[in-house]
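Given chain A's structure and the hints, the job is docking chain B onto it.
Protein chains in written order, with my numbering: chain A, 1 to 417; chain B, 1 to 417.
Since the hints were made in silico from the structure, they are not lab data. Treat the numbers as computed from the prediction; the structure is a model and nothing was measured. Cβ coordinates follow ideal geometry from the N, Cα and C atoms, glycine included. It is possible that some hints are incorrect.
List of simulated lysine-lysine pairs, BS3-like, C-alpha gap at most 25 angstroms [what the hints assert, rightly or not]:
hint, chain 1, residue 1, chain 2, residue 2
1, B, 99, B, 411
2, B, 82, B, 359
3, A, 287, B, 359
4, B, 2, B, 411
5, A, 359, A, 82
6, B, 80, A, 287
7, A, 82, B, 287
8, A, 99, A, 2
9, A, 80, A, 99
10, B, 281, A, 80
11, A, 404, A, 317
12, B, 359, B, 281
13, A, 99, A, 359
14, B, 80, A, 281
15, B, 404, B, 317
16, B, 317, A, 80
17, A, 317, A, 345
18, B, 230, B, 317
Chain A residues, not near chain B, derived (Cβ > 10 angstroms throughout) [what the hints assert, rightly or not]:
hint, residue
19, 35
20, 86
21, 408
One-letter residues, chain by chain:
Number of protein chains: 2
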Amino acid sequence: MKNALYAQSGGVTAVINATACGIIQTAAAHPQAIGKVYAAKNGILGALREELIDTSLESAEAIEGLRSTPGGAFGSCRFKLKSLDDQKAEYERLIEVLKAHNIGYVFYNGGGDSADTSHKVSQIGDALGYPVQCIGVPKTIDNDLPATDNCPGFGSVAKYVAVSMMEASFDVESMAETSTKVFVMEVMGRHAGWIAAAGGLAGADPSQPPQIILFPEIPFDQEAFLARVKQSVDQSGYCSIVVSEGVRHPDGRFLADSGTRDAFGHAQLGGAAPVIAGLVKQKLGFKYHWAVLDYLQRSARHLASQTDLEQAYAMGKAAVELAVDGQNAVMPIIERVSDDPYAWKVATAQLADVANVEKMMPREFITEDGFGITEACRRYLAPLIQGEAYPAYENGLPVYTRLKNQLVDTKLPPFDI
Amino acid sequence: MKNALYAQSGGVTAVINATACGIIQTAAAHPQAIGKVYAAKNGILGALREELIDTSLESAEAIEGLRSTPGGAFGSCRFKLKSLDDQKAEYERLIEVLKAHNIGYVFYNGGGDSADTSHKVSQIGDALGYPVQCIGVPKTIDNDLPATDNCPGFGSVAKYVAVSMMEASFDVESMAETSTKVFVMEVMGRHAGWIAAAGGLAGADPSQPPQIILFPEIPFDQEAFLARVKQSVDQSGYCSIVVSEGVRHPDGRFLADSGTRDAFGHAQLGGAAPVIAGLVKQKLGFKYHWAVLDYLQRSARHLASQTDLEQAYAMGKAAVELAVDGQNAVMPIIERVSDDPYAWKVATAQLADVANVEKMMPREFITEDGFGITEACRRYLAPLIQGEAYPAYENGLPVYTRLKNQLVDTKLPPFDI
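One chain only, chain A, in its complex shape (with noise of 0.2 angstroms):
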């Protein structure tokens, strides 16, 4: 019997904790097959670390609590393996860790950096003789992994952001008459205009906000654009706006990028929102607002999509029992069965086949002139929102789990990493 680890690998989620829930659940499930499992602390860092926290020293209620706990509940790392012959001692080492602690299962929780390391730890069993069964576990608030239908933690970001940019064109509508006349509110999605996209589902139809969203896939065109908001100002009296953090000029220049120097002298990153509030009110004279929602979009689990946190939790215990029926190099995926009502079950796929490819969004979910989504979208998108799975609350706020997180003891000399 073999001990199992996990890791959270880069930008955590609203819904990734259920994935962990889900693999630390099945595995006890399972003893026969699975002895303790241990989670990476902050990702694969604590493997090669030896950095190792003793789930079975949790409560199974504080388990349980991970269901409806947003952020990384390990700890999750920005760190990518390079190939073998690069970091040859860095495998070596990870062999090492796994040995000394008897592990033979690894589930990896990411998105497409972590599905290329997660297959190359699966092939350390033939290139280094150690011989471990690596699971990768999709998780990408992204949505731009190949294979799987949707990625878990998107749904609940769409759900947020849709309901978001309903709730402000409310607001704004309310008081365009004698104030602000354009919204424009912006989102994360710095290559796919996935999450973009979702805040097109506020409305059901063009005349209805967002008037305009502006994707990463689409070069800005400052004339359209300017065009079609005083288009929408004239119509509507106001005009609520989407722009991803990725929009860009034609000439290759993110919007947010834009030489910007602040108070303090010094170049500003970050903000596609201000830079096209901005543009608006020089060149049409309109008053505006703009939000950034940041990290507040992929934690907000107060409002997660319960259709997310049932596709996160069945993609643990599904990669669990992928270990335990002996697989190696695979994906537990999401695949449709059918859009309306929707129906979906738990597939496989090759890492090989997952490693390194973006899933980008179709030309024809973008509407023609680039500036909303289209009908095929929206089938794709509507049912990845559906149900509130509400958090517990105490005095006013969201009862979230606080891990012990212990560590097991060291074996091993210390490596720098």
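Below, chain B alone, put in the same frame as chain A:
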């Protein structure tokens, strides 16, 4: 029997429509005293333009739906009536409109400026010979009205800000080892730090996030601030910061109003968060993220405080009862009976005492170092965010009400405003 006029004024809130609901439903319960309730389209402007919405043409379901709809359902405006001497024509026009539609009650729903307008309107009986009962109805996210213990609209913003800070901090804490170490969240409140203070509810003690709150009441002390950020990162691995849009340099300049130039070469207004984040990066080298909540915080009906919702409704109900009772130039207010268990009741203030007075944060609500809230502040704030007043959802989105807003036929010539 006289008709009533209801107007929404100034920035809207997540629960101002609940007050409207309270007024319309309570007026309907007093048919012997009050005829129709007309709502001014876009606030006082609609009254002057004779754009009156006949709320009796809305279904009972639509009126009930106002209880859970953000924004201002009849439109609001930023327009302050000056003194009778300065704007006599406007007052005379107002009387003409009231007279033409047999209106004897005016319910004016707003903040400090609106209390002033309400007071002036309440005096037109004496000054201009048209008898009207004008009742002010409190509303402001800024929580800066005097006399009342707190203001409807504030509790929901407070809850949203506290929950958002809590959630984002779970995220930052997960990532801090290799990525973001400082998270800055900007909130509203140009003059008073009530909203910023509410961010402090996210943590139970100073070791918990937010580790720093920047209040408009406390001049920005760059050295002390940076030392505190460094201390927090050293001790906790990260630092979460709430910054009020109204924070100023010791010389009085707003941090947000910092001569920043955007990509298009013109001054960029707004954004204390990016200024603070940039300072941290420049002086301490920490990776940062920042969010600007803007309208989202005051329209987030999906996370409204149940306490706030009940008080907003109660203010509308009480306003009508004061009118039926024959009163004029008054405003229903919230009187706190006890902190814990929280108990409150409706009381009455004179508009003359409310107009043009801003209630600032008491200094004893801010810790001595200027970066946090005290226990007294916590006792004051905590009850206001109690309870979750969720809206209904359909297809993953809140069910918010749009009224028909049918205008009454005009009886007067147009009036230029």
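Pair hint residue 359(B) and residue 281(B), alpha-carbon separation not exceeding 25 angstroms:
Since the Cα atoms of residue 359(B) and residue 281(B) sit roughly 35 angstroms apart, the hinted pair is violated (cutoff 25 angstroms).
Check the hint pairing residue 404(A) with residue 317(A) against an upper bound of 25 angstroms on the C-alpha distance.
This hinted pair holds, its Cα atoms lying about 23 angstroms apart.
Please work out if residue 99(A) and residue 359(A) have their alpha carbons no farther apart than 25 angstroms.
violated (36 angstroms)
Within a Cα-Cα threshold of 25 angstroms, do residue 317(B) and residue 80(A) meet the stated pairing?
With a Cα-Cα distance of about 60 angstroms, the restraint between residue 317(B) and residue 80(A) is violated, given a limit of 25 angstroms.
Residue 80(B) and residue 281(A) were given as a pair; does the straight-line alpha-carbon distance stay at or below 25 angstroms?
holds (24 angstroms)
Is residue 82(B) within 25 angstroms of residue 359(B), Cα to Cα?
Given pair residue 82(B), residue 359(B) holds - Cα atoms ~22 angstroms apart, limit 25 angstroms.
Do the alpha carbons of residue 230(B) and residue 317(B) lie within 25 angstroms of each other, as the hint requires?
Violated, because 50 angstroms separates the two Cα atoms, which is more than 25 angstroms.
Taking only the CA atoms, is the gap from residue 317(A) to residue 345(A) under or equal to 25 angstroms?
holds (13 angstroms)
Far enough from chain B: is every CB of that chain over 10 angstroms from the CB of residue 86(A)?
holds (19 angstroms)
Hinted pair residue 404(B) and residue 317(B), Cα distance within 25 angstroms
Roughly 23 angstroms separates the two Cα atoms, so the pair holds.
Going straight from one Cα to the other, do residue 359(A) and residue 82(A) come out at no more than 25 angstroms?
Answer holds: residue 359(A) to residue 82(A) is near 22 angstroms, not above 25 angstroms.
Taking only the CA atoms, is the gap from residue 99(B) to residue 411(B) under or equal to 25 angstroms?
holds (10 angstroms)
Going through the hint list in order, the structure does not satisfy hints 3, 12, 13, 16 and 18.
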